[in-house]
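Asker: Sequence lines, in order, name chains A and B. First residue of the first sequence: 136, per the working numbering; consecutive thereafter. First residue of the second sequence: 1431, per the working numbering; consecutive thereafter.
Derived from the structure by calculation, the hints contain no laboratory data. Any given hint might turn out to be false.
Computed footprint of chain A on chain B, listed as stretches where at least three residues anywhere in the stretch have a Cβ under 8 Å from a Cβ of chain A [unchecked claim]:
id : segment
1  : 1488-1499
2  : 1508-1520
Residues from chain B that keep clear of chain A, each with C-beta distances beyond 12 Å, as calculated [unchecked claim]:
id : residue
3  : Ile1433
4  : His1479
5  : Val1481
Each residue gets a CB set at the ideal place from its N, CA and C atoms; glycine is no exception.
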Amino acid sequence: MPTTDYLVSIGLEVHVQLKTQSKMFCSCPVRFGEAPNTLVCPICLGLPGALPKLNAGAIEMTVLAGQLLGCSTPEVVKWDRKNYFYADMPKNYQLSQYDLPLCLGGEVPLYELAYPKDAQKSIVHPGKVVRLTRIHLEEDVAKSTHHATYTLVDFNRSGTALMEIVSEPELESAEETVAYLNSLRQILVYSGVSDADMEKGQLRCDVNVSVRPKGQEKLGTKIELKNLNSISAVRRALNYEIDRQIGEVEAGRPIQQATWRWNDEVGQTEPMRSKEDAHDYRYFPEPDLLPVRTAPFVERARAIRPELPHEKVARFEASYQISHYDASVLAADRALADWFEQAVQGSTAPKKVANWVINNLLAELNARSIGIADCPVSPTTLAALVELVESGKVSNNQGKEIFALLFERPQDSPEVIAKELGFEPADSSEIEAIIDEVIASNAGPVAEVMGGNEKAANFLVGQVMKRSKGKANPKQVTEMILLRLRPS
Amino acid sequence: MDIRHIARLARIELNSEEILRYQTQIDQLIQYVEKLTELDLDDIHPTSHAVEIFDVMRPDEARDGALSLEEVLMNSPSVTQEQFRLPKVVE
Ligand SMILES: [Zn+2]
Chain A
136 MPTTDYLVSI GLEVHVQLKT QSKMFCSCPV RFGEAPNTLV CPICLGLPGA
186 LPKLNAGAIE MTVLAGQLLG CSTPEVVKWD RKNYFYADMP KNYQLSQYDL
236 PLCLGGEVPL YELAYPKDAQ KSIVHPGKVV RLTRIHLEED VAKSTHHATY
286 TLVDFNRSGT ALMEIVSEPE LESAEETVAY LNSLRQILVY SGVSDADMEK
336 GQLRCDVNVS VRPKGQEKLG TKIELKNLNS ISAVRRALNY EIDRQIGEVE
386 AGRPIQQATW RWNDEVGQTE PMRSKEDAHD YRYFPEPDLL PVRTAPFVER
436 ARAIRPELPH EKVARFEASY QISHYDASVL AADRALADWF EQAVQGSTAP
486 KKVANWVINN LLAELNARSI GIADCPVSPT TLAALVELVE SGKVSNNQGK
536 EIFALLFERP QDSPEVIAKE LGFEPADSSE IEAIIDEVIA SNAGPVAEVM
586 GGNEKAANFL VGQVMKRSKG KANPKQVTEM ILLRLRPS
Chain B
1431 MDIRHIARLA RIELNSEEIL RYQTQIDQLI QYVEKLTELD LDDIHPTSHA
1481 VEIFDVMRPD EARDGALSLE EVLMNSPSVT QEQFRLPKVV E
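Please work from the sequences and hints to get the whole structure.
Answerer: Laid out in structure tokens, this is it:
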């Protein structure tokens, strides 16, 4: 059977580090890049007899994330011990949540711009929404570094508040999975609960994937993929694994449930452990922590809930009459969206401001490899420049020249730079005189314009520009010529 | 309840004599607790704690740990680059 005769089901477990000040069960600071084992105490080292203390801030952030993702929250939640042996968890259990997690249900909308660029033109299910199973709040483990003959363990990360976001197996391709991760990331960053940077390990994911012939209702046997360290690795690993599984089924070899590891250097998946070693975690309630009533957290989260990316897109379209695509580009980054909204404040041409931000500002930032946070030009300066262009005082191309200079001299106003560059509009009586000359000496084109062919005016404008030595503003000249020649 | 499975999960090595002994003891314990199933518990909600206390939390405020690096690493069998050094852990 060809590949297209198979259905693919992908579900994700995404771990997200919360941006709290302190760890989940102790007051040790959460910071990156510190000397090893300097941000630790008996609790996060898992020393015998140390008692955990719940971080209310982490609960608040998780409930907020849940509200943004449309989850419900049980009235009472609790924590449980998940028992296993591993060097990064020396007390031999991880504090997690089993049957009463902070969030249940919920969903992640797959934003168009969250798909890989090359896949945005061929989205199979536009507007797709992926359901979540749950989100629970647990502790991160220590960081192990594996060397040739030994392993080193640093406990600075141990105990960091970690949300585990579990999706239903509703994703149907590697591209949808990329869109899911990017959309989820965008929402989490918007809410301020995490920076969710995969390269920094603030967002990590395990992927479950299975295939089955079309028409079969029961899901195929799933393989869990690990060691996916970037979004592009997730895409590569899934495309490889989907092909591999279909190949196995085609060859009549049934898939055995197991955990496989993505080897990014070689570009293939490799078996790690089979089902016989599957963990038996023997969850039981943590006796050292008391249950928490969630009503005050839910109430507070509702009060501080920020606007979501897709809600912002809809508002931008309605308030500023910009296209869905433009609104999506602006809303993709909350800081960029805020910058745009400052620039557009009091502007008479919000659509033009949007164009300048998307076409010129982003290109300039890109060229300089800086983010919007480091943009030297202020939103009000861009707004002033757009007004200058829109009022016809300088042409669009002249505006671009001014814009480029503004990056070197962000303190100067666009008007000052325009004057320096000699973009000041010539005295209009002078230009009127030039237009008179041009009309008198170009009977042919003049007749055409008078006959209704406005395009013929371009030639006349060119002549005026030439005689004014570029001092005139083409937009203004066009208007003046048409005013004189347009059939009434 | 398979004593060998539990022993393996707990990383405890048992000889055949111990397996017999503990299996008998565990079975007796479970039988004892199973007496509870003779009661009608339909209207009783499961509880994770015997006391009705909720919401014991701390605010999200960071404090540097009180341990010196020496104290942190004193239980480590071996130390390299200020980290706990272990035999290679194979994933
Ligand atoms: Zn600690």
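Asker: Look at each hint and say if it fits the structure.
Answerer: Structure-based check of each hint:
1. 1488-1499: With 11 residues close enough to chain A, the hint holds.
2. 1508-1520: holds (count 10)
3. Ile1433: 14 Å, holds
4. His1479: Non-interface label on His1479(B) violated, nearest chain A Cβ at 6 Å vs cutoff 12 Å.
5. Val1481: 8 Å, violated
The structure is inconsistent with the numbered hints 4, 5, although it conforms to all the rest.
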